[in-house]
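Participant: Residue-level listing of the chains:
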Amino acid sequence: VTLYAVLGATGAVGETCARRLAAHGVETGASLRLGGRDRPRLEALASDLPGDVEVQPTDLLDDAALAAFCAGARVVASCAGPSYALLDRVARAAWAADADAVDIGGELGAVERLRSCPAPRIERRTAVFSAGVMPGLSGLLPRLLCKSGPIRRLDSYVGGAQVFTRLSAVDGLLTRGEQFGAPSAIAVRGEVVRGRLAPLHDVSLPGFPARVHAWPYLTTEAQELARSEGIDEVRAYNVFVTNRLPTAMADAWAHLGAEPQLDDVRAAAEAVVRAADADRQEHGQLYAMLFTARPSPGGDPGPSRLVLTATDSYAVSGVVMAEAARQVADGLPSGAWLAARALDPERMLRALRSDPHIDSVHIG
Amino acid sequence: LAHPEGWQLVPGLPGRAAPDADADGLRLGLLPETEIARETGPLSSELEHIVAELFEEQLEVPVLDRGAHFFELGGDSLNAVRVVGGIARQLRVRLALRDFLDAPTVAGVAGAIEGRRA
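Protein chains in written order, with the working numbering: chain A, 136 to 499; chain B, 695 to 812.
Don't read these hints as lab results, they were simulated from the structure.
No false leads were mixed into what you were given.
Quick list of the computed label-pair ranges, beta carbon to beta carbon:
no. : chain 1 : residue 1 : chain 2 : residue 2 : range
1   : A       : R482      : B       : L772      : 46 to 56 Å
2   : B       : E750      : A       : Q420      : 24 to 34 Å
3   : B       : A782      : A       : V328      : 22 to 32 Å
4   : B       : A782      : A       : S469      : 54 to 64 Å
As the structure is a prediction and not an experimental result, all values here were calculated from the model.
Virtual Cβ for every residue (Gly too), placed ideally from N, Cα, C.
Between the sequences and the hints, there should be enough to build the whole structure, so can you do that?
Facilitator: Next up, the structure:
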């Protein structure tokens, strides 16, 4: 029997992931193990899910408990955080138990750590990191626009008005620097060119219901997309309904300095959480991902735009995690990968289109 | 909300801005009062991509929809003249400024260019 083991199952992402994998289990006979810190909440969730579901409270920082959680699993899906503290910890435990791993976080740092894994399991086990909306979908979906021919320019606009959980605000404040991205930069023929884009203020963008502010930030994911798909130019923006959040992040970074203490980051994250709350109260909760492709001259135009809209980005991440776990269970190349590179974008698109957490997906 | 494939409603597009009479005498405020048929959706041809980029060069905002309206995005008559000049240089099509002003969207201008070519 295929066993999916979901860590962080009662969190904002994990609950949706668990619900989708439970429904999948009813169709396929797969079973589900739920892990997290809080037994009563895990049991409450389990009692609400169909099929064969077991609960195993687990402290992620306890090696023996983590090993026991992974034992017998086909795929361990970690929706737990914080990413900066966990890195490839869960994936290593999964591989040690001869299971594959999918992780909501990790980014390049985890991929590189696991690739340097001295264990021989890299030859036969798979780990997929950053399988959320961003990074994750933000690098995977644009590949659907790159199929029909060479792309001269690709633009990415992702964001909206969302809950910033304390955990993700801390992760957000810690994910800056060259291993994550470059502000104001664009990718030109695989090279990062700095200082090329200014923020866009009060602009209308397809898929976003109100006027928005778009701050250019060329993630390493966007850089990798430019290289792997051979796109001449890539521009990437984070989108906000007001300038509160980018201002709060910038203030926090200025206050924290280069190597902040974690307690200071936690304190600074409060202002970020409040800014996100104020945005949501003013505009309502919304999330959109917009990708536009400009074909090379004379190339097959193909679809040039993809727009996804949703209400809750964490729930969409849960849908992505569940589909990633299914794809891994069905067989992906062994080794350590980023989701944007390793997953099948067509299959992901089908999963998104059939899920009620996604309001719309248009490709044209 | 189901739309025909390849089409998308863009609820965020603004109503027509109130333009001022321009210094060089072009009365952009005298566009027809009835809203021009706004064909919104992804850029759908190589020509529309070229027109969108000519718009972008003047406006310094991304032009991502075939219904994007030159003057609502901040363009003025001088910018419009420059776009018409860009069309002449890049596409070897001499577009009358009047053609541009009649339908100053990406799709409208691309349609006017095709009309001139025909």
